[in-house]
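The listed protein sequences derive, respectively, from chains A and B.
Per the numbering used here, the first sequence starts with residue 222, numbered consecutively.
Per the numbering used here, the second sequence starts with residue 222, numbered consecutively.
If you're looking for bench data, these hints aren't it; they were derived computationally from the structure.
We treat Cβ as the ideally placed atom computed from N, Cα and C, and that holds for glycine.
Fair warning: there could be bad hints in the mix.
What the hints assert, rightly or not - In silico EDC-like cross-links for lysine to aspartate or glutamate, where the CA-CA straight-line distance does not exceed 16 Å:
#, chain 1, residue 1, chain 2, residue 2
1, A, Lys318, B, Glu243
2, B, Lys318, A, Glu315
3, A, Lys264, A, Glu315
What the hints assert, rightly or not - Computed far set for chain A versus chain B, every beta-carbon distance over 10 Å:
#, residue
4, Gly228
5, Lys235
6, Tyr236
7, Ser242
8, Asp244
9, Pro253
10, Cys261
11, Met274
12, His277
13, Arg297
Protein chains: 2
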Amino acid sequence: MSSINGGRRCAACKYLRRRCSEDCILAPYFHPSNPYRFACVHKIFGASNIARMLQHLPVHKRAQAADAMAWEAYWRVQDPVYGSNAIIAHLQHEISKAQNELEMTRAQIAILQTFQQHHNQTQPNQQLQAFWALEDKPLFLPDLPHI
Amino acid sequence: MSSINGGRRCAACKYLRRRCSEDCILAPYFHPSNPYRFACVHKIFGASNIARMLQHLPVHKRAQAADAMAWEAYWRVQDPVYGSNAIIAHLQHEISKAQNELEMTRAQIAILQTFQQHHNQTQPNQQLQAFWALEDKPLFLPDLPHI
Numbered sequence: 222m223s224s225i226n227g228g229r230r231c232a233a234c235k236y237l238r239r240r241c242s243e244d245c246i247l248a249p250y251f252h253p254s255n256p257y258r259f260a261c262v263h264k265i266f267g268a269s270n271i272a273r274m275l276q277h278l279p280v281h282k283r284a285q286a287a288d289a290m291a292w293e294a295y296w297r298v299q300d301p302v303y304g305s306n307a308i309i310a311h312l313q314h315e316i317s318k319a320q321n322e323l324e325m326t327r328a329q330i331a332i333l334q335t336f337q338q339h340h341n342q343t344q345p346n347q348q349l350q351a352f353w354a355l356e357d358k359p360l361f362l363p364d365l366p367h368i
Numbered sequence: 222m223s224s225i226n227g228g229r230r231c232a233a234c235k236y237l238r239r240r241c242s243e244d245c246i247l248a249p250y251f252h253p254s255n256p257y258r259f260a261c262v263h264k265i266f267g268a269s270n271i272a273r274m275l276q277h278l279p280v281h282k283r284a285q286a287a288d289a290m291a292w293e294a295y296w297r298v299q300d301p302v303y304g305s306n307a308i309i310a311h312l313q314h315e316i317s318k319a320q321n322e323l324e325m326t327r328a329q330i331a332i333l334q335t336f337q338q339h340h341n342q343t344q345p346n347q348q349l350q351a352f353w354a355l356e357d358k359p360l361f362l363p364d365l366p367h368i
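All chains, full assembly: derive it from the sequences and hints.
See the structure below:
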């Protein structure tokens, strides 16, 4: 019996009602405390497929691969039509939304920057306009003395 | 032999070297012109798993499910560790980048809007300042007549 899980059979061997050997390839990745994880993977990929796919990987990459397959299997159990594609479609929609929002904010920035440039260019003219505006106003001037 | 593929065996039956019956569940979704699609699906899920999963779905949803599974299988063949999770991780990274960029553009907008508000508030004062600036200048005024 595998010593990895403290003398207990791994979730795979427990599910398949078989002895869990010391060299069980699935034991390190399917702890008996999480039987649902293996049930999903078994339902979608099949136990022998999973074991074979892990076997073909270097040991240090197996945990990540088991996690990724468990994740894919979980989503296919939840959504038998789209599986993890539903997540991808959702993320693509989010990206599209974020890109649209980004385009809008960029456009807003462009408008505000144009305004700012215009302001910087026109400020001296505005002061000048203010000057002429004052000049246009009838200033109170005393009558000129007749010289 | 299935009439769906013009009398030819579907990709699944051809791959598995079996007769393709009229009611072959895989024939509508695995055309003989694309043997790689079925090869991927078979390698990752197994032919019987795929057939069983499609059988459990309503007919009108099977094409979408077959596409999604073919897609997942394709990515797992390409990347045996991460599979389609690599795409998800990439998309999540893209979302994170877009959100950061969005935050930056929003901050930029806030700064520009603050500037604009400040400009709107200060413009009348600037005109007033221009007025006082003119007042500070010694205006040429003729001497007042002694009345």
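Going through the hints against the structure:
1. Pair hint Lys318/A plus Glu243/B does not hold up; C-alpha atoms about 45 Å apart against a cutoff of 16 Å.
2. Restraint check: the Cα-Cα separation between Lys318/B and Glu315/A comes to about 12 Å, which is no more than 16 Å; the hinted pair holds.
3. This hinted pair does not check out: Lys264/A and Glu315/A have alpha carbons roughly 30 Å apart, beyond 16 Å.
4. For Gly228/A, the shortest C-beta to C-beta distance to chain B comes to about 30 Å, beyond the 10 Å cut-off, and the non-interface label holds.
5. Distance check for Lys235/A against chain B: the nearest CB is about 21 Å away, which clears 10 Å, and the non-interface claim stands.
6. Against the 10 Å criterion, Tyr236/A stays outside the reach of chain B, whose nearest CB is about 16 Å from its own CB.
7. Distance to chain B confirms Ser242/A as a non-interface residue, since its nearest Cβ pair spans about 23 Å, more than 10 Å.
8. Listed as a non-interface residue, Asp244/A keeps its Cβ farther than 10 Å from every Cβ of chain B; the least gap is roughly 21 Å.
9. The Cβ of Pro253/A sits about 24 Å from the closest Cβ of chain B, beyond the 10 Å cut-off, so the non-interface label holds.
10. Residue-level check passed: Cys261/A sits 13 Å from the nearest beta carbon of chain B, beyond 10 Å.
11. Distance to chain B contradicts Met274/A as a non-interface residue, since its nearest Cβ pair spans about 6 Å, not more than 10 Å.
12. Taking the minimum C-beta to C-beta distance to chain B, about 7 Å, the non-interface status of His277/A is violated against the 10 Å cut.
13. A beta-carbon of chain B comes within 10 Å of the beta-carbon of Arg297/A; the shortest separation is about 8 Å.
Hint compliance for this structure: hints 1, 3, 11, 12, 13 are broken, all remaining hints hold.
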